[in-house]
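Assembling the complex is the task here: the two chains are given apart, and the hints tell you how they should meet.
Order-wise, the sequence lines are chains A and B. Residue 115 in the numbering used here sits at position 115 of the first sequence; the count goes up by one each step and never skips. Residue 16 in the numbering used here sits at position 16 of the second sequence; the count goes up by one each step and never skips.
Rather than coming from a laboratory, the hints here were simulated on the basis of the structure. Here the structure is a predicted model, which means the values were calculated and not measured. Worth double-checking, as some hints may not be accurate.
Said to hold, decoys possible - Residues of chain A clear of chain B, computed beta-carbon distances all greater than 10 Å:
id, residue
1, GLY21
2, VAL35
3, THR80
4, VAL92
5, ILE119
Said to hold, decoys possible - Under 10 Å between C-beta atoms, here's a sample of chain A residues computed to sit facing chain B:
id, residue
6, ALA14
7, LYS39
8, VAL52
9, THR55
10, GLY106
11, SER108
What the hints assert, rightly or not - Output of the computed footprint for chain A on chain B, the stretches with three or more beta carbons under 8 Å from beta carbons of chain A:
id, region
12, 21 to 27
13, 33 to 46
14, 51 to 60
Yeah, the Cβ is synthetic: ideal placement off N, Cα and C, and Gly gets one too.
This is what each chain is made of:
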Amino acid sequence: MSETEKRISIKSSADIITARGVGREMAKQLGFNIVDQTKITTAISELTRNIVSYTGKGRVIIKKIHSDIGKKDGMEIICTDKGPGIESIELVLKAGYSTSGSLGLGLSGAKMLMDDFNIKSKPGKGTRVTIKKWLR
Amino acid sequence: MDIPILKIENFLVVTIQAEMSDDEILKLQEDILSRIKEVSASGLIIDITALDVVDSFMGRTLSNIANTADLLGAKTVVVGIRPAVALTLVELGIRIKWNLNTALNLEKGIDMLKRRIERQGAGGAF
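Next up, chain B with everything else stripped away, as it sits in the complex (with noise of 0.2 Å):
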């Protein structure tokens, strides 16, 4: 199952459309890693609206991403997160190491990704 990475602007907008097995979620990050370098992109979105779970594996996977998205000058916003997930999530604990930054919508993510990156070019702390 090949995942499409959308380009909006100079942000990667990726949809995670069904239950990935641990093999098709180390393949996307690999592609997205590799569309980030190929497209200069200066930030990326994952909506996991249509993910019904989020185990420590993929949240682990989820928050290497992001690390790594950020190395390569890319900053990760994750937006669509279920509250079922959310209140799942924060009860295995995953908060703690669970250093992504988060919105409820596509729209919204966009929004942060844009104030943090103007915050970063103007010379603030990130």
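Bound-form chain A, shown alone (with noise of 0.2 Å):
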């Protein structure tokens, strides 16, 4: 394991504020600045949670990532879980969607704070959320 990628387990909410303190680590060494370092912590905190509350356990996976393209480096942050996954994406993308009485901002939120967002599911497989913010 290189020191630009970081692998988390999410059990707990305990694990969250580690993976949070993880995130904001790596956004401040890359050279993020403060707001952009504390969006990239709270879109961890949104994902990680989703994945304590809605599967139980999961991993995250928090990384330095580099295009060749746009020639400018950034971080990624990816996660997984093995829960019932989401049967509509475009609905628990919508600002306010929630099926566990939250103020259902997690997915939406992480997009919004967030340069790239990806989401991949399948019913009773599980999700994988990859989100990426770049270093302006």
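What follows is the structure, given as structure tokens:
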């Protein structure tokens, strides 16, 4: 495991704090400003909380990335779980949609805060959410 | 981690000093509400200066505390939101449901509570 990639398994709400800390630290090291550090950390918090709330356990990978095309560096966060999956991705991406009585801002919030957002989900198999933020 | 709940005049002041797990936040919520009842507080100030992340869960919990405190007769002001946190909250879209009163710092928070309670005492609409 290189220094530019961290894996954290997510099982409880304490792991959310750990993942946030790792994300914040990497964002700081890569030179993201305080606002972007906060956005990245908040997005990690939303996605890892989804894992804890809906599936019980999963994993987050936080890593440094580089784009040859854009000649820029950035950060990528991949959250995976083997939970129930999502029936309608369109629906969960609507701000305010929630099945758990929360604000329903988890996925849509993470999408708003980051530059790239990708979600793949199969009902019964699990979900993978990938988010990216590029250094400006 | 037990977070101290201080009493100043008829107000309770809670300073969140470190990142809290969900369980700790919910425990704090219970502690605050029972303390409001215990001392018949008319105001509650929650200082979140130390928080560098406020996600939707934390936002919702703060909002729940304020709504419940209101039912118990105490008005809530959240103080010390960092600029980067404020920007993130607005982008998260939390503003819509974030029915909380906020002030820049503790001093302004106390002023705000005093004005609100005076207005209410004078029979004005809250």
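Here's how the hints hold up against the structure:
1. Residue-level check failed: GLY21 (chain A) sits 8 Å from the nearest beta carbon of chain B, not beyond 10 Å.
2. The Cβ of VAL35 (chain A) does not lie farther than 10 Å from every Cβ of chain B; its closest approach is about 5 Å, which violates its non-interface assignment.
3. The Cβ of THR80 (chain A) lies farther than 10 Å from every Cβ of chain B, with a closest approach of about 20 Å, so its non-interface assignment holds.
4. The non-interface label for VAL92 (chain A) is consistent with chain B: the shortest C-beta to C-beta separation is roughly 14 Å, beyond 10 Å.
5. With a least beta-carbon separation of about 17 Å from chain B, ILE119 (chain A) lies farther than 10 Å from that chain, consistent with its non-interface assignment.
6. Using the Cβ-Cβ criterion of 10 Å, the hint placing ALA14 (chain A) at the interface with chain B is satisfied: the shortest such distance is roughly 5 Å.
7. Contact between LYS39 (chain A) and chain B, as hinted, is supported at the beta carbon level, the nearest pair being about 5 Å apart and thus within 10 Å.
8. Taking 10 Å as the C-beta cut-off, the interface hint given for VAL52 (chain A) holds, the closest approach to chain B being about 8 Å.
9. Checking THR55 (chain A) against chain B by beta carbon gives a least distance of about 16 Å; that is not within 10 Å, so the hint is violated.
10. The restraint placing GLY106 (chain A) at the interface with chain B holds, with a minimum CB-CB distance near 6 Å, inside the 10 Å limit.
11. Against a cut-off of 10 Å between C-beta atoms, the interface hint on SER108 (chain A) holds, since the closest Cβ of chain B lies about 7 Å away.
12. Note: the region 21 to 27 of chain B has 3 residues with beta-carbon separation from chain A under 8 Å; the three-residue rule is met and the coverage holds.
13. Counting residues of the region 33 to 46 of chain B whose CB lies closer than 8 Å to any CB of chain A gives 0, which falls below the minimum of 3, so the coverage claim is violated.
14. Against chain A, the region 51 to 60 of chain B contributes 8 residues with a C-beta closer than 8 Å to a partner C-beta. That satisfies the three-residue criterion, and the hint holds.
The earlier numbered hints that this structure contradicts are 1, 2, 9, 13.
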